[in-house]
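*Asks:* If you want the building blocks of each chain, they are given just below.
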Amino acid sequence: MSAPVKIEPTEAITRAKAGDGEAWSELYGEYAPAIFRFCRRALPTREDAEDATTEIFMKLRDKLVQYDQSRSFSAWLYKVAANHCWDTLRRRKIRQDKETEDVDSVPLEHPDANQLDKLIEQRTSEEVRKALDKLGGRARMALVMRYYSDMSYDEIADELGVRRAFVGVVLLRARHELRQALERTSALAAGGAS
Amino acid sequence: MNHLDEMTCLLYLERQLDRTRAQEVSAHTQDCAACRTLMRALERESRLLTRAMLEEEEPLPARLAEFQERAKRSLQWIWGVAFGLAATGAYALYTGYIEPWQQQLEQAGFGGTNMLSLLVFQGAFWKGWQSMITLLEVIALLTLAGFGAALFRRRMRRGSALALVLAGFCTVLALPQGVSASEFRKGHSVEVREGETIKGDIFLFGDRVRIEGTVDGDVYAFSQDVNVNGHVTGDVISFAHTLRIGGKVDGNIRVALNTLTVTGSVSKNALIFADYANLDSSGNIGGSITAFAESLNVDGKLGRDILIYSKHLGVSGTVGGGIQAKGSTMSIGATGEVDGPVRFEGENVPDVSSGAKLASPVQYTKWEHKSEYRSSHYYIWRVIWTAALILFGLVLFMLLPKFGRETISAAEQFGAPMGLGVLVFFGVPIAAVIACITVVGIPLGILALGIWFLALCCAELVVGAVVGTWILGRGSSSWEIVGRMALGFVLVRIGFTLLAQVHVLRSLGALGIWMWGMGAVSLALYRRFQPVIAPGMPSSPPLPPNTTVGGVQPA
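Chains as they are written, first to last, in the numbering used here: chain Y, 1 to 194; chain L, 1 to 555.
Some hints could be false.
Unchecked claim - In silico DMTMM-like cross-links for lysine to aspartate or glutamate, where the CA-CA straight-line distance does not exceed 20 Å: (1) 63/Y - 18/L; (2) 402/L - 51/Y; (3) 134/Y - 412/L; (4) 130/Y - 412/L; (5) 402/L - 62/Y; (6) 402/L - 20/Y; (7) 63/Y - 480/L; (8) 130/Y - 480/L; (9) 79/Y - 48/Y; (10) 118/Y - 43/L.
Claimed, not checked - Below, a sample of chain L positions facing chain Y; criterion: calculated Cβ distance under 10 Å: (11) 11; (12) 54; (13) 56; (14) 314; (15) 406; (16) 472.
Derived from the structure by calculation, the hints contain no laboratory data. Every residue, glycine too, gets a C-beta built ideally from N, C-alpha and C.
Kindly produce the complete structure, drawing on both the sequences and the hints.
*Replies:* Quick look at the structure:
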């Protein structure tokens, strides 16, 4: 998938840092939908996502003075959003107890590629989103950070509080969880159809 | 051939393998169809994931989309409505309460320029606690509703809390007033004749006012010369040159006048603003006297205490309680009798006759006229308090850094915090007292008063932080902001100390600082409860993420 070219609104950022309300307007209008979708994917309910979006922009207003304009604004914004969402999930202790950093428990196997291919081919985006909702907090958070906001392994490790080497494990486990959820959905659909 | 495991394939796709390992994997996939297929499947899975996440299957919720629009409008709208409603409230208050009184007083020849006298002597202020209780309950409920609205802010529209409270307040003021059974009499010489009985309150305006009959209610007398020789079952409230009470008053007397003489009996208390006040030897007041007078003589019998600020206090009669007096002189004659403690703070040693019967010796404190500004202690304590307040500010800022920044940011706007500060400075204590009076709101009233007092303590610090920011520029870290606050605070204190040499400027300066600082704290609190994010409509923006997969390959 090609990367959409995004021009950073540097002027608006500078003005917003100086406390210009109109500049805030521009930034909010520009980024609120994306941040809302990020939260929608990362958090369990729509209401959570709405609340989180509001709170993230509140945080942003306070933190903007700390933003280094030599870095990407959107990357920084996603980092703030990820931090907020992960905090929210952690406070709720969503399936934390299941997670370990035991790398040895990662299945080092060669799955049936054709079966995987078939599973992916038959799924729509909507089904994937529904399956995502069934994942644990950390799995979903990791997938969203990686495949929605394109955060690096270092950033993901930093947010989730794990070693960098473990990020791949978290992502792979998350994919396995997702596949299982997709399979369960199709099994249910097949059961319902028969 | 050994196949690649899934983890290796994923890390390869995500460019997380080192160069050597990546080359090995690449070479392997050239020869191994199974691994190549797995790699492709994983890549397709990544794309599916990204596509599923990026798809805009639902628009930005109305709450968020409208949020900015409302925020922009509401920033103007809410203040417009707030000021509009406040103006309406003030107008309703004036036309409903003050203006009628002003007209009546003008008809009575007193003119309407002295607003303080109008407020102090208008009926509802004194007699109205019973009749005002409904109004107070409504206001207390509205205050509670305001707090409730703030608590449920997420479900409320922006600014609705303030608008709700003000709208309710205006509604209450706009409600038709209850029918009054009061009687008004006006003329050169007005009288309640002997044998005549007035049921309800009576308002008397004239050069001469005489009450020889019975008033079964309160008497409001505005005159040059007032004589009460009859029987008043309620209170006597008078604004006159001379008032003589020779009859019987079952309630209180509250008066502002030149000369008061009591030869009859007053069952309850007396509040006196007068040049000369005299409780004659035949006079009797059952309760206490609170007086601000040039001279007060108590020759008759007083049931309870005296609290007085006067030039002279003379006691030749009986005082059932104690005396707390401040003034120039005090004398207790040979026939004087005081059953409680006597404390006198004044310029001259009290003159106490040896024949006077006192429960305990007079405690006398001599007034020192030395200006506090000439005292070194004053400056030492200023320095100590400055240091203590800086420490207080430091602790507060460290505890609530975000709120501290918000408050300073609010203070920098100047206009809005000053306006809000005026409202909060005067409004909150009144609302708190009202809440306390209505019993149901006692905790709320105490809480509001506590927050108000805390904001008052912080006001000077907030102003200091703004002044520090003006001088040193905006600080980013907490310590930079604290440093600016300390510097600004010290400068404000120095400036204020110089300003305080002139008493009027001292009062004005203190009020300005309090209102500005309190307004900033209130504005920050308000914004915290009703967050203002940014004005403007959201557009449908392109999403910024860059690629589906892959980070930077480590070297």
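*Asks:* None of the hints should be skipped; say for each whether it holds.
*Replies:* Verification of the hints:
no., hint, result
1, 63/Y - 18/L, "violated, 35 Å"
2, 402/L - 51/Y, "holds, 19 Å"
3, 134/Y - 412/L, "violated, 48 Å"
4, 130/Y - 412/L, "violated, 48 Å"
5, 402/L - 62/Y, "holds, 7 Å"
6, 402/L - 20/Y, "holds, 19 Å"
7, 63/Y - 480/L, "holds, 15 Å"
8, 130/Y - 480/L, "violated, 48 Å"
9, 79/Y - 48/Y, "holds, 18 Å"
10, 118/Y - 43/L, "holds, 13 Å"
11, 11, "holds, 5 Å"
12, 54, "holds, 7 Å"
13, 56, "holds, 7 Å"
14, 314, "violated, 65 Å"
15, 406, "holds, 8 Å"
16, 472, "violated, 15 Å"
Checked against the numbered hints above, the structure violates hints 1, 3, 4, 8, 14, 16; every other hint is satisfied.
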